[in-house]
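Number of protein chains: 2
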Amino acid sequence: MSGSGMVHNNNTEHKSLLEAFDGTKYRVGGHGKRNVEKLKAALAEVDGELESDMYGKGAVIEDFQARMAELLGKEAAVFFPSGTMAQQIALRIWCDQKALKRVAYHPLCHLEIHEEDGLKELHHIEPVLLADKQRLIRLDDVKGLQEDIACLLLELPQREIGGQLPDFHELEAISAYCREKGIKLHMDGARLFEVLPYYGKTAAEVCQLFDSVYISFYKGIGGIAGAILAGSSDFTQKSKVWKRRHGGDLISLYPYILSSDYYFRQRVDKMGLYYEQAKELAALYNGCRGVTTLPEVPVSNMFHVHIGLPKEQLEAVLVEVYEETGVGLTHYVREYGEGGSYFEVSIGDRYASVPAEKLKLAFASLNTKLR
Amino acid sequence: MSGSGMVHNNNTEHKSLLEAFDGTKYRVGGHGKRNVEKLKAALAEVDGELESDMYGKGAVIEDFQARMAELLGKEAAVFFPSGTMAQQIALRIWCDQKALKRVAYHPLCHLEIHEEDGLKELHHIEPVLLADKQRLIRLDDVKGLQEDIACLLLELPQREIGGQLPDFHELEAISAYCREKGIKLHMDGARLFEVLPYYGKTAAEVCQLFDSVYISFYKGIGGIAGAILAGSSDFTQKSKVWKRRHGGDLISLYPYILSSDYYFRQRVDKMGLYYEQAKELAALYNGCRGVTTLPEVPVSNMFHVHIGLPKEQLEAVLVEVYEETGVGLTHYVREYGEGGSYFEVSIGDRYASVPAEKLKLAFASLNTKLR
Numbered sequence: 001m002s003g004s005g006m007v008h009n010n011n012t013e014h015k016s017l018l019e020a021f022d023g024t025k026y027r028v029g030g031h032g033k034r035n036v037e038k039l040k041a042a043l044a045e046v047d048g049e050l051e052s053d054m055y056g057k058g059a060v061i062e063d064f065q066a067r068m069a070e071l072l073g074k075e076a077a078v079f080f081p082s083g084t085m086a087q088q089i090a091l092r093i094w095c096d097q098k099a100l101k102r103v104a105y106h107p108l109c110h111l112e113i114h115e116e117d118g119l120k121e122l123h124h125i126e127p128v129l130l131a132d133k134q135r136l137i138r139l140d141d142v143k144g145l146q147e148d149i150a151c152l153l154l155e156l157p158q159r160e161i162g163g164q165l166p167d168f169h170e171l172e173a174i175s176a177y178c179r180e181k182g183i184k185l186h187m188d189g190a191r192l193f194e195v196l197p198y199y200g201k202t203a204a205e206v207c208q209l210f211d212s213v214y215i216s217f218y219k220g221i222g223g224i225a226g227a228i229l230a231g232s233s234d235f236t237q238k239s240k241v242w243k244r245r246h247g248g249d250l251i252s253l254y255p256y257i258l259s260s261d262y263y264f265r266q267r268v269d270k271m272g273l274y275y276e277q278a279k280e281l282a283a284l285y286n287g288c289r290g291v292t293t294l295p296e297v298p299v300s301n302m303f304h305v306h307i308g309l310p311k312e313q314l315e316a317v318l319v320e321v322y323e324e325t326g327v328g329l330t331h332y333v334r335e336y337g338e339g340g341s342y343f344e345v346s347i348g349d350r351y352a353s354v355p356a357e358k359l360k361l362a363f364a365s366l367n368t369k370l371r
Numbered sequence: 001m002s003g004s005g006m007v008h009n010n011n012t013e014h015k016s017l018l019e020a021f022d023g024t025k026y027r028v029g030g031h032g033k034r035n036v037e038k039l040k041a042a043l044a045e046v047d048g049e050l051e052s053d054m055y056g057k058g059a060v061i062e063d064f065q066a067r068m069a070e071l072l073g074k075e076a077a078v079f080f081p082s083g084t085m086a087q088q089i090a091l092r093i094w095c096d097q098k099a100l101k102r103v104a105y106h107p108l109c110h111l112e113i114h115e116e117d118g119l120k121e122l123h124h125i126e127p128v129l130l131a132d133k134q135r136l137i138r139l140d141d142v143k144g145l146q147e148d149i150a151c152l153l154l155e156l157p158q159r160e161i162g163g164q165l166p167d168f169h170e171l172e173a174i175s176a177y178c179r180e181k182g183i184k185l186h187m188d189g190a191r192l193f194e195v196l197p198y199y200g201k202t203a204a205e206v207c208q209l210f211d212s213v214y215i216s217f218y219k220g221i222g223g224i225a226g227a228i229l230a231g232s233s234d235f236t237q238k239s240k241v242w243k244r245r246h247g248g249d250l251i252s253l254y255p256y257i258l259s260s261d262y263y264f265r266q267r268v269d270k271m272g273l274y275y276e277q278a279k280e281l282a283a284l285y286n287g288c289r290g291v292t293t294l295p296e297v298p299v300s301n302m303f304h305v306h307i308g309l310p311k312e313q314l315e316a317v318l319v320e321v322y323e324e325t326g327v328g329l330t331h332y333v334r335e336y337g338e339g340g341s342y343f344e345v346s347i348g349d350r351y352a353s354v355p356a357e358k359l360k361l362a363f364a365s366l367n368t369k370l371r
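As given, the protein sequences belong to chains B and P, one line each in that order.
Going by the UniProt record's numbering, the letters in the first sequence line up with residues 1 to 371, in that order.
Going by the UniProt record's numbering, the letters in the second sequence line up with residues 1 to 371, in that order.
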């Protein structure tokens, strides 16, 4: 069996960017290939006699949920197969509680652009889009809401705009305002652990500003799949009922739980390192002609790279850089605006294995070709 | 870590049925413990370099779906994390197609009793309950429907009444009637492979009577979790959109796919054996005083055992049998009606490892204690 995933498509005339990337010796982003070895490694340390969870019960799920609840400073936590499921359910619970089927979130919120409108089609919840696609939600946006909402969702960091982040004081002010107005505050914390070094806070210190929190195990953590939804015991109890309704209360979720646990333990303490490496790498990009990163100085392990070249031209440049230097910078490029391109960078374990001089060489090559 | 699952509860004064069952040398039902070893065994034969599926794409998921579609004689198939998700979605698609949010199914249908009303709460679909709790849906029930429905769901076999099955001619007649009336026919085939030896048909021969089919990989197949939904290409395309809305379009479903594939290959050809063993075991139960099985002669690997003793009394009897003979017949008992009890038996790999004389001993002991 083989298969290069969704990105590999109809570029057949010359070597595609993905092919060139796959041919490099050093790859700059991520934790490495998502292959079966990742699961085997996670299971290698687990006793085969360990019993499966059974429809949400059993030590393997309950222990992990308890540890995550404690870490996030919440009463309880529930393991979900996906964040899509967890977050729709969180918003539904808050809407039901207030008998008001309206929430607010960013125009590039995951629920708005990646979930086939599940929130609307399954839960009939109407979103109000706050801020605009270029910037973060600010306190003034929340204060300026013309309609009542049951819940405000904030994504930390805001992935689709390069992983930007409000400063902590603004976050506190938004939280205080929401509490005053009876608006529930939900965190899309798919990359929560990735921003803690920048905030200089513990997970619990950030989470206490929110009524409910979702975290993911396959972003910076690099697990197989899975999510945690945390909040009060009353909230999480309700979320279990909805989890069953959604078809997420599987007889066995342990393949995801055990791998989430394994990669969480491996990587949660490396988020500071990834953050420092992201800043270093972003500086290298910003040193190239016509290249900017968003944010200019990353606040997590991620950022976006914007380059003023059409997609095909940039791909051709990158293929040359990869073949010349053996360093792979990105496996894909997307069109952006008029004649521009961008791609996302997330720092993971691979970055440390790229020799500094190789990286310098790659950026020298890129800079030359962009002139 | 330990944990004996959901069945182990507040029976602390004397040895519980589950404890006694766990202490037996020979256990009659199922494939054995649902522990992590089951996943490790499935992965042992898989090359670690095999790439993950990515949000429904990639060889690992597409190949399996194609093989299942072919086996079921349908144009296409989609892998789902759960049958709960797959079946709600199937009914939703048929309802949308007919612009009619009404379906019909058995009063003990999985969607009616095990899914926290997901069909109603998420999809606002109204079910008409056909037949009654004691018997199968018949052609006359379908003909007698007072209201239009978009879809009829038939469960083969009807698990909650012991795994009963309409004869094949009645199934053909129901299918023909539905086609004539423009009613879509959906199969809850969680245990489809288990009934093929009785029908003497291939999966495709049974499935061609239905417009959509769901099959499960952790019943008789004994996998970790997961389901397939099959039908026309148009139907399965729509189901992928709903799968994403439900939060079931995980970045990686391969832990379930690979294990489903492994255990399917191991056990699909053993369904005839399980069926013969189920008939043998049911005869042993029916030979005991005050014991009947439902059905009297099984039509699959499963049946229910009804015993005219209150739960606590029956549990005490069973504990004695287990301790005396080392044979475990069931790990749980449920109350049934006035002063009666029942439990479910599903034959799997364990049955073959119970020596015939030990089994005979256990039933002699049971029969003596029931006098």
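These aren't lab readings, by the way, just hints derived from the structure by calculation.
A couple of the hints might just be wrong.
One copy or two, either will do: identical chains are not told apart, so a pair holds if it fits within one copy or between any two.
Straight-line Cα separation of at most 16 angstroms, EDC-like style, residue types lysine to aspartate or glutamate; simulated pairs [to be verified]:
id, residue 1, residue 2
1, K101, E121
2, K15, E312
3, K240, D117
4, K25, E320
5, K133, E112
6, K358, E45
7, K201, E324
8, K201, E19
9, K358, E344
Hints versus structure:
| no. | hint | result |
| --- | --- | --- |
| 1 | K101 <-> E121 | both (13 angstroms within a copy, 14 angstroms between copies) |
| 2 | K15 <-> E312 | within (12 angstroms within a copy, 72 angstroms between copies) |
| 3 | K240 <-> D117 | between (22 angstroms within a copy, 13 angstroms between copies) |
| 4 | K25 <-> E320 | within (14 angstroms within a copy, 66 angstroms between copies) |
| 5 | K133 <-> E112 | within (12 angstroms within a copy, 43 angstroms between copies) |
| 6 | K358 <-> E45 | neither (35 angstroms within a copy, 37 angstroms between copies) |
| 7 | K201 <-> E324 | neither (42 angstroms within a copy, 61 angstroms between copies) |
| 8 | K201 <-> E19 | neither (41 angstroms within a copy, 47 angstroms between copies) |
| 9 | K358 <-> E344 | neither (21 angstroms within a copy, 64 angstroms between copies) |
The earlier numbered hints that this structure contradicts are 6, 7, 8, 9.
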